[in-house]
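Enquirer: Below, each chain spelled out in residue letters.
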Amino acid sequence: DSGVTQTPKHLITATGQRVTLRCSPRSGDLSVYWYQQSLDQGLQFLIQYYNGEERAKGNILERFSAQQFPDLHSELNLSSLELGDSALYFCASSVRGNGVPTFGSGTRLTVV
Amino acid sequence: QKEVEQDPGPLSVPEGAIVSLNCTYSNSAFQYFMWYRQYSRKGPELLMYTYSSGNKEDGRFTAQVDKSSKYISLFIRDSQPSDSATYLCAMSESGGTSYGKLTFGQGTILTVHP
Chain C
8 DSGVTQTPKH
18 LITATGQRVT
28 LRCSPRSGDL
38 SVYWYQQSLD
48 QGLQFLIQYY
58 NGEERAKGNI
68 LERFSAQQFP
78 DLHSELNLSS
88 LELGDSALYF
98 CASSVRGNGV
108 PTFGSGTRLT
118 VV
Chain R
297 QKEVEQDPGP
307 LSVPEGAIVS
317 LNCTYSNSAF
327 QYFMWYRQYS
337 RKGPELLMYT
347 YSSGNKEDGR
357 FTAQVDKSSK
367 YISLFIRDSQ
377 PSDSATYLCA
387 MSESGGTSYG
397 KLTFGQGTIL
407 TVHP
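If you're matching them up, the sequences are chains C and R in order.
Taken in order, the first sequence gives residues 8 to 119; the numbers are from this note's numbering.
Taken in order, the second sequence gives residues 297 to 410; the numbers are from this note's numbering.
For the record, the hints were derived by calculation from the structure and aren't laboratory data.
All of these numbers come straight from a predicted model, not from anything done at the bench.
Any given hint might turn out to be false.
What the hints assert, rightly or not - With a straight-line cut-off of 30 Å between C-alpha atoms, the simulated DSSO-like cross-links for lysine-lysine are:
| id | chain 1 | residue 1 | chain 2 | residue 2 |
| --- | --- | --- | --- | --- |
| 1 | R | K338 | R | K352 |
| 2 | R | K298 | R | K366 |
| 3 | C | K64 | R | K298 |
| 4 | C | K64 | R | K363 |
| 5 | C | K16 | R | K366 |
| 6 | C | K64 | C | K16 |
| 7 | R | K338 | R | K298 |
| 8 | R | K363 | R | K298 |
| 9 | R | K338 | C | K64 |
| 10 | R | K298 | R | K352 |
| 11 | R | K366 | R | K352 |
| 12 | R | K363 | R | K352 |
| 13 | C | K16 | R | K338 |
Required output: the full structure, derived from the provided sequences and hints.
Expert: Now the structure itself:
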């Protein structure tokens, strides 16, 4: 167990729907990262928060948004879902803003 | 062209073999280099972390970074069936707008057979 908790582990939803993925970082970690892993694109950085503030942004779609709450947990919101959004979504956390991230076990999203 | 290139394999070796995994990159701003191991249906797990050029050893694992050639390697000695996994190289810059962002290679699938 890495200490990074992601829920749910699996999610199946229909196209056009909206889902929320949740992440609790390791105790003491201030930074949270979201990554998407698909067969064709590999592991892609989406967004990073540090102590509640957005710190870095990758190729995150406008349909996707995230936030980090005062208790440091984070949520990734995916809306107007398309078949191509089916992927593994990983949350990771680190103590510092440029620390080496520890990954959670991921949420497997299937859009049908 | 991707910023980080990694041979996806698959790579199949007998138990006890020395395994060499490699990545090349094009972004000269990368300063931090990592190797992660990912078992099926699990999250990536950090194996090695190095800063700038040089070698680092940890048990059966050795990481090498050659910034002049933009080339990094991971060597696994005395490979075991439990080493069978996907190995991902990852890199990051030291600051700026990419602060904290890791860029990953595609991953190399390794199988060690008894």
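Enquirer: If a hint holds in the structure, say so; if it doesn't, say that too.
Expert: We went through each hint and held it up to the structure:
Restraint check for K338/R and K352/R: the C-alpha separation of about 26 Å stays at or below 30 Å, so the hint holds. Annotation: proposed proximity of K298/R to K366/R holds, straight-line Cα distance about 13 Å (limit 30 Å). At roughly 18 Å between alpha-carbon atoms, K64/C and K298/R fall within 30 Å of each other, so this suggested pair holds. As the CA atoms of K64/C and K363/R are separated by approximately 26 Å, the hinted pair is consistent with the 30 Å bound.
For the suggested pair K16/C and K366/R, the alpha carbons sit about 37 Å apart, so the restraint of at most 30 Å is broken. Pair hint K64/C plus K16/C holds up; C-alpha atoms about 24 Å apart against a cutoff of 30 Å. About 25 Å separates the Cα atoms of K338/R and K298/R, which keeps this hinted pair within 30 Å; it holds. Taken as a hint, the K363/R and K298/R pair is honoured in the structure, with Cα atoms around 17 Å apart against an allowance of 30 Å.
Between K338/R and K64/C the alpha-carbon distance is near 24 Å, which keeps this suggested pair within the 30 Å criterion. Restraint check for K298/R and K352/R: satisfied, since their Cα atoms lie roughly 26 Å apart, inside the 30 Å limit. Of the pairs offered as hints, the one joining K366/R and K352/R holds, with about 17 Å between alpha carbons and a cut-off of 30 Å not exceeded. Simply put, K363/R and K352/R have alpha-carbon atoms about 14 Å apart, close enough for the 30 Å limit, and the pair holds.
The straight-line distance between the Cα atoms of K16/C and K338/R is roughly 11 Å, inside the 30 Å bound, and the hint therefore holds.
When held up to the earlier numbered hints, the structure conflicts with hint 5 and nothing else.
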